[in-house]
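**Q** Residue numbers (the numbering used here), protein chains in the order written: chain A, 1 to 278; chain B, 1 to 278; chain C, 1 to 278; chain D, 1 to 278.
Careful: at least some of the hints might be erroneous.
Which copy is meant is left open, so a pair is good if it fits within one copy or across any two.
Listed below are the simulated SDA-like cross-link pairs for lysine to any residue, each with C-alpha atoms no more than 25 Å apart in a straight line [what the hints assert, rightly or not]:
| hint | residue 1 | residue 2 |
| --- | --- | --- |
| 1 | 63 | 16 |
| 2 | 34 | 78 |
| 3 | 15 | 133 |
| 4 | 141 | 226 |
| 5 | 66 | 27 |
| 6 | 34 | 245 |
| 7 | 91 | 53 |
| 8 | 242 | 155 |
| 9 | 242 | 4 |
| 10 | 152 | 55 |
| 11 | 141 | 29 |
| 12 | 83 | 16 |
To be clear, the hints were calculated from the coordinates, so they are not data collected in a lab. Remember, it's a predicted structure, so these values are computed and weren't measured experimentally.
There are 4 protein chains.
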Amino acid sequence: MNNLHRLLIDCPDDKGLICKITNVLFQNNLNIIKNDEYVDKNTNHFFMRTEFAGDLDAKELVKQLKKDLKTDLRIELNPNRKKDIVILCTKEHHCLGDLLIRYAYDELNANILAVVSNHNVLQPLVAKFGIPFHYISHQGKSRPEHEAAVLKALEIYNPEYLVLAKYMRILNPEFVGHYNNRIINIHHSFLPAFIGANPYKQAFERGVKIIGATAHFVNNELDEGPIIAQNVIDVNHRYSAKDMSRAGKDVEKNVLARALKLVFQDRVFIHGNKTIVF
Amino acid sequence: MNNLHRLLIDCPDDKGLICKITNVLFQNNLNIIKNDEYVDKNTNHFFMRTEFAGDLDAKELVKQLKKDLKTDLRIELNPNRKKDIVILCTKEHHCLGDLLIRYAYDELNANILAVVSNHNVLQPLVAKFGIPFHYISHQGKSRPEHEAAVLKALEIYNPEYLVLAKYMRILNPEFVGHYNNRIINIHHSFLPAFIGANPYKQAFERGVKIIGATAHFVNNELDEGPIIAQNVIDVNHRYSAKDMSRAGKDVEKNVLARALKLVFQDRVFIHGNKTIVF
Amino acid sequence: MNNLHRLLIDCPDDKGLICKITNVLFQNNLNIIKNDEYVDKNTNHFFMRTEFAGDLDAKELVKQLKKDLKTDLRIELNPNRKKDIVILCTKEHHCLGDLLIRYAYDELNANILAVVSNHNVLQPLVAKFGIPFHYISHQGKSRPEHEAAVLKALEIYNPEYLVLAKYMRILNPEFVGHYNNRIINIHHSFLPAFIGANPYKQAFERGVKIIGATAHFVNNELDEGPIIAQNVIDVNHRYSAKDMSRAGKDVEKNVLARALKLVFQDRVFIHGNKTIVF
Amino acid sequence: MNNLHRLLIDCPDDKGLICKITNVLFQNNLNIIKNDEYVDKNTNHFFMRTEFAGDLDAKELVKQLKKDLKTDLRIELNPNRKKDIVILCTKEHHCLGDLLIRYAYDELNANILAVVSNHNVLQPLVAKFGIPFHYISHQGKSRPEHEAAVLKALEIYNPEYLVLAKYMRILNPEFVGHYNNRIINIHHSFLPAFIGANPYKQAFERGVKIIGATAHFVNNELDEGPIIAQNVIDVNHRYSAKDMSRAGKDVEKNVLARALKLVFQDRVFIHGNKTIVF
């Protein structure tokens with residue numbers, strides 16, 4: 001369907017919201033294909049994601065919706081448009097490799113504009129897929145200096161999202177502020193267990209029987225941003241910390257890919273420190 | 001909330017359905033709390049489950065809805081009403097015991113009116129919970145004779161649902177016809193694998209690495225009714241058929257309890273040989 | 001098999017240990033049915049659990065094993081013997097109810113000698129199964145006073161294991177010292193996430209997408225003892241803290257039952273703050 | 001450890017086997033690192049996989065073991081040796097891509113000698129990794145003719161294992177006979193559910209709530225060979241057959257990679273139509 005659209009509404013709850021919104025669509029002869037709503041009772045906030053079909057005058061539709069709703073709203077009129085992203089990574093290839101393969105076969109709903117890394121070991125992998133690779137070493141640079149260099153490299157791409165595919169550096173609030181709610185990280189633990197460095201070592205030492213991975217938006221608290229997706233696998237006493245790390249890589253890459261798919265299909269709303277995922 | 005209601009709509013799809021329905025609620029000053037819709041694209045059929053709050057004249061509301069919708073619809077005006085059920089079982093206690101404990105602590109959204117069994121071994125367990133137990137042996141009876149006796153016992157209870165908690169007898173279409181789409185069975189395999197008798201033995205012989213259980217509505221084809229819920233667990237070569245059976249019991253009781261919770265909260269629509277679960 | 005036995009060895013590793021042990025069994029004409037070993041490389045410690053069959057002079061066998069091994073070892077000569085346990089609980093019935101049903105049908109590998117609670121709400125449930133119930137209120141007692149009263153009640157039963165089936169009180173080290181490595185607790189989170197009180201509320205506030213439960217031995221650090229078993233389920237933004245708590249109960253009861261099964265079959269070795277589970 | 005070895009024994013059970021085997025190792029001053037045994041009670045068959053360290057004269061060790069055991073046995077004296085494999089595929093890239101990335105980073109325990117396909121669409125992907133690609137179209141060839149051409153291409157590589165990474169053609173017994181117990185397939189369903197063509201379509205039509213994938217050895221019955229590994233994911237009524245197929249791809253690639261890891265570490269014994277997996 002060429003005339004498929006996606007409406008995303010995120011506003012304070014009010015009586016009759018669904019009625020008003022669907023009425024505007026109906027009056028414009030637009031057909032709802034799929035509809036999800038949720039009201040957060042604690043904050044009295046309304047979320048709606050609607051897929052609909054039909055010919056429309058976008059400006060006019062937004063005008064009508066805003067008139068009735070008296071609220072801010074987002075409308076995505078070309079939902080199949082791919083998001084522009086840049087991937088940041090360090091030395092581990094498993095998440096990056098998985099994303100590159102998906103990208104090569106047009107399964108990512110995104111354009112990978114470039115890959116940026118503080119090491120150059122992944123350059124040959126990225127080169128195979130014909131994507132620009134920026135090696136920006138952190139050696140001899142302060143964190144702000146390094147981040148400024150990364151920001152500068154990103155400037156020419158103007159990405160909508162940054163994907164941290166095992167980027168093993170903490171980001172300063174200033175850096176994060178440039179991509180507010182648009183940085184997605186994969187953390188190699190079942191958060192909030194094992195926040196911080198070496199989560200597999202921590203998991204090994206604690207003797208857990210399950211390990212996991214967490215994809216989340218990055219905010220200014222380390223490993224504290226809104227969680228998008230998590231998954232786990234069983235381990236046992238026979239797993240060394242290194243075995244856990246190896247087994248965990250598959251979970252990491254799957255969780256990151258799943259989270260990206262959700263975000264790039266506009267299925268994820270951020271609400272405070274949580275996500276609404278339709 | 002005392003004035004909480006539940007609207008269940010199941011009809012051919014049409015443009016503007018959500019708009020029309022939510023408009024009736026809005027005009028009646030009713031507030032939508034939770035809303036789920038789904039359109040089956042293959043059959044062009046619409047499903048909606050809405051929780052809403054407010055004072056209402058039920059007859060009048062239904063009249064208004066029907067006028068606009070020109071379709072059949074179900075409305076449940078007292079969603080916290082418990083369903084009346086009778087449990088059928090044979091000799092295994094695990095599903096029955098789990099349901100009795102939940103019932104004793106008011107977690108089942110149902111009234112267990114009676115338990116009917118073709119054996120008497122579970123009578124002492126049922127007695128602990130003060131529920132009538134009907135022992136109707138199949139010995140010396142033809143299947144139709146036995147089923148007639150069971151139907152007669154059920155008559156005085158007039159249950160809305162029959163729960164087959166490991167009732168190890170095949171039911172004739174005539175029996176099923178009395179409780180069309182109102183009989184829920186737990187099958188001890190991950191259907192459609194291992195249909196029929198001795199699924200754990202079949203699973204053992206096939207050397208599978210995962211076993212499961214399936215809760216489904218019963219129709220006239222053995223193990224072929226609409227699936228409500230399924231779950232699985234890992235097994236390995238160390239499991240005998242008996243070990244699988246033992247491990248599977250926990251899956252069975254959990255899946256059955258989950259399916260019943262969904263059905264008794266009016267979250268399950270039957271559509272042909274499938275379910276829509278909100 | 002009446003003459004089935006179980007040998008449990010837990011000692012510093014040494015070259016040829018398996019050879020020496022299996023040689024003693026072979027010389028005594030005993031047939032190994034099932035054998036599990038593990039060497040912890042970090043601590044150089046050896047663990048072995050062997051099921052074997054045959055007629056034996058237990059004292060003589062132990063003497064021979066000790067001569068060759070020059071180490072402490074445990075031998076269980078009647079592995080089908082049921083462990084004597086007492087259950088401690090507070091107000092929640094789901095774990096207790098599950099254990100009582102299993103016990104009633106001889107599936108627990110344990111004798112429930114009594115149930116002790118600081119509340120009396122679960123007395124009627126326990127009474128159904130004909131098990132002594134001790135109501136020992138903590139009202140008006142200091143923690144040491146209350147624990148002394150509980151210890152006194154336990155004295156007459158001399159249990160091998162205490163099972164904390166949602167016993168919602170912290171235990172002093174002195175109490176724990178009486179049952180060292182013999183207290184099993186179910187914690188309603190995926191430890192080490194959400195240590196302490198109200199884990200479901202914590203999980204809700206963090207916005208996690210998976211919740212879990214952890215069965216562990218109790219030591220002197222709150223929620224820090226060796227983990228025996230864990231399991232998880234998916235949740236989403238639609239779950240309130242209360243919904244999580246409700247959904248979590250099924251995980252809790254399943255994980256506790258699984259952990260007890262493992263412990264009561266002598267499959268769990270404690271090693272520092274971890275478990276080896278065969 | 002350079003002098004690490006792996007002993008694989010697969011023989012009829014006999015009293016004292018473990019004792020005899022470990023005694024030979026002990027007498028040769030070899031240290032057992034890891035040991036797994038299993039006796040299949042139905043067939044009275046013994047399986048053992050032992051990792052051990054030390055200097056050895058391989059011929060002499062095998063001679064001693066055979067003398068004592070009077071049985072056939074396999075000994076792998078260089079367990080870190082990579083297996084030589086050829087991958088067969090058709091048009092789908094997800095399993096192949098995953099294996100290529102793993103191979104590029106030396107995580108596969110195997111050398112991919114070549115990729116053979118009956119289509120040429122995956123040639124560019126394989127080319128990125130510098131691996132020979134053989135396009136052997138089945139167009140205009142009978143099945144035996146096509147298989148003969150494939151066999152001929154395989155000849156020069158002499159692979160130990162063939163990996164069917166979504167090779168969508170049925171193999172004749174004659175072809176399979178050339179690689180008896182050495183062909184590993186990934187089937188896109190939770191076998192034995194949905195044997196044969198279009199399993200996701202079958203799953204969609206049956207309305208299952210869980211779908212899965214199965215890695216298995218290939219024998220002469222379609223989808224009937226010994227199962228190595230399986231995994232599943234939840235689906236619901238919102239999944240079209242195509243959505244299931246898409247979601248299933250991640251399960252397929254993970255299960256295949258896990259199965260290959262197990263096989264290439266010599267952890268999988270084939271026993272009749274089942275596997276023993278250590």
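**Q** Any of the earlier hints contradicted here, and which numbers?
**A** 3, 4, 7, 8, 10, 11 and 12
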